[in-house]
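In case you want the letters, here they are:
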Amino acid sequence: MKPLPRNPEPILTLCTALLLAAALYAVFLHAPAERVMGLVQKIFYFHLSCALAAFLSFTTACAAGVAYLVSRNLKWDILGAAAVEIGLVFTTLVLATGMLWGRPVWNAWWTWDPRLTTSLILWFIFASYFILRSAVEQRQRRATYCAVMAIVGFVDVPIVFLSARLWRSIHPVVIKADSINMAPAMVTALLASLAAFTALWVLLLQRRVRTLALAERILTMEHRLDREPALSTERK
Amino acid sequence: MRIAWLVIRKDLAAELRSPQAMVSMLFFGFLLLVILNVAVPAGARVAPETGAGILWVAVTFAAVLGLARTFDREKQNRCLEGLLLSPLSPEALFGAKMAVNCIFMGISQVAILPIFFILYGDGFLHAPVMLALVLLLANTGFSATGTLFAAITAGANRNEALLPMLFFPLVMPLIAMAVKVTSMIFAGAGPAEYGSWLQVMAAFALIFTGLGFLFTGRIIRD
Chain A
1078 MKPLPRNPEP ILTLCTALLL AAALYAVFLH APAERVMGLV QKIFYFHLSC
1128 ALAAFLSFTT ACAAGVAYLV SRNLKWDILG AAAVEIGLVF TTLVLATGML
1178 WGRPVWNAWW TWDPRLTTSL ILWFIFASYF ILRSAVEQRQ RRATYCAVMA
1228 IVGFVDVPIV FLSARLWRSI HPVVIKADSI NMAPAMVTAL LASLAAFTAL
1278 WVLLLQRRVR TLALAERILT MEHRLDREPA LSTERK
Chain B
-1 MRIAWLVIRK DLAAELRSPQ AMVSMLFFGF LLLVILNVAV PAGARVAPET
49 GAGILWVAVT FAAVLGLART FDREKQNRCL EGLLLSPLSP EALFGAKMAV
99 NCIFMGISQV AILPIFFILY GDGFLHAPVM LALVLLLANT GFSATGTLFA
149 AITAGANRNE ALLPMLFFPL VMPLIAMAVK VTSMIFAGAG PAEYGSWLQV
199 MAAFALIFTG LGFLFTGRII RD
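Chain order of the listed sequences is A and B.
As numbered in my numbering, residues 1078 to 1313 make up the first sequence, in order.
As numbered in my numbering, residues -1 to 220 make up the second sequence, in order.
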């Protein structure tokens, strides 16, 4: 049996905690309040950081999918599953923080802007990844199907964005989310927040991979126990 | 190539003997056209956007019924293993199944479209050639994505419910573009206005056909 992946580095956990604290300080105390939007604008730092983490997750999942199909090593499947799980959480957070910001600023919870539409469809694609995962019993087969799903989903995202943008180029977009000029202190806060979330992402991914690998080990052990009749009756 | 043609002929012959997929696709398509009528206010003229939306919901939902049956016949009596033992490559099998799905969708649309124009007014009937081109591009994209995921769901449990859930999120951009172009055609716009849309639709069809050929071997062998 393969050795377990090493215990999550306590140093990494500590670093993430410190970075998050620093990011909170930078966002709420160091960066000035936005003139028009006021405090609501603070959500932007976390919104963008979550989006970065989600992007990292899905890129990792796609890369892990390719790696699995090439190498047939189940550790890539575990990495892919962990990445999609975390990515789904962060995409949900992106959508939620976006709505919370949009309600006071755009006066609507939701608009069919290309970015919003793309994130929502992205959410659906990777949520269906888990439906697929739960529907396939056999281990190798599940890994192959999920790898294909992750790659195809990742390839689909630019097309979704392109089609959504074409749609809007005919109906002009009134609100552009990216044309915000930021004060230097705001840039600092944004960078701090991005760094903190990246660290958090690495930490979560490592923990999740470890948990899934442990679950895998337990499954293998149970299979072995079932195959040895003496042991399995003893267990019952 | 020749052997893929044999698979296509086999599937078409089987469908002619007992038209299971065709009947359910047509019946469901008609049914949807009638059900979606509730979205139209009584006595009001249907806007081009609404009309295009209704048409594409009927067409895509009918198409999914056909796609879900792609590998049904091969699962009976372990025919899939037989096919794989024959000198047929998985890629050729994918191509054949995709072509069969495309043909089924085309036939069902030939029947659904006239009903649509009868129920929702023939004022939409502009540029039938362009409409056929949109349908062809969309069918290619649908059948590529659909055949790939039909191969996946054929190996999964509860596959009937699984296919739409995997299929629709991925083809959402294709449906959105098809609805857009169709509504422009219904409104009487010229090809210059929606040319770029057709290009993206063609790109989608091409990309997913490529992905299908790339992954189908791995999926079917597992």
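If you are wondering where the hints come from, they were derived from the structure by calculation, not from laboratory data.
Take the hints with a grain of salt, since some may be wrong.
Claimed, not checked - Derived DMTMM-like pairs: lysine to aspartate or glutamate, alpha-carbon spacing no greater than 20 Å straight-line: (1) A:K1152 - B:D220; (2) B:K8 - B:E89; (3) B:K8 - B:D70; (4) B:K73 - A:E1214; (5) B:K73 - B:E89; (6) A:K1152 - A:E1214.
As the list claims (entries may be wrong) - Okay, the calculated bits of chain A under chain B, using three or more residues with CB under 8 Å as the criterion: (7) 1091 to 1099; (8) 1123 to 1129; (9) 1217 to 1224; (10) 1227 to 1238.
This one's a predicted model, so the numbers in the text were calculated from it and none came from an experiment.
Virtual Cβ for every residue (Gly too), placed ideally from N, Cα, C.
Consistency of the hints with the structure:
1. Distance check on the hinted pair: K1152 (chain A) and D220 (chain B) sit about 18 Å apart at the alpha-carbon level, within 20 Å; holds.
2. For the proposed pair K8 (chain B) and E89 (chain B), the alpha carbon gap of about 17 Å is at most 20 Å, so the pair holds.
3. At most 20 Å may separate the alpha-carbon atoms for a hinted pair to count; K8 (chain B) and D70 (chain B) meet this at roughly 14 Å.
4. Of the pairs offered as hints, the one joining K73 (chain B) and E1214 (chain A) holds, with about 17 Å between alpha carbons and a cut-off of 20 Å not exceeded.
5. As the CA atoms of K73 (chain B) and E89 (chain B) are separated by approximately 18 Å, the hinted pair is consistent with the 20 Å bound.
6. Under the criterion of a C-alpha separation no larger than 20 Å, the hint pairing K1152 (chain A) with E1214 (chain A) is consistent with the structure, at around 17 Å.
7. Note: the region 1091 to 1099 of chain A has 0 residues with beta-carbon separation from chain B under 8 Å; the three-residue rule is not met and the coverage is violated.
8. Under a criterion of three residues with beta carbons nearer than 8 Å to beta carbons of chain B, the stated coverage of the region 1123 to 1129 of chain A fails, only 0 such residues being counted.
9. Evaluation of the coverage hint for the region 1217 to 1224 of chain A: fulfilled, as 4 residues show C-beta separations to chain B shorter than 8 Å, against a requirement of three.
10. Counting residues of the region 1227 to 1238 of chain A whose CB lies closer than 8 Å to any CB of chain B gives 7, which reaches the minimum of 3, so the coverage claim holds.
Violated hints, in rising order: 7, 8; the structure is consistent with all others.
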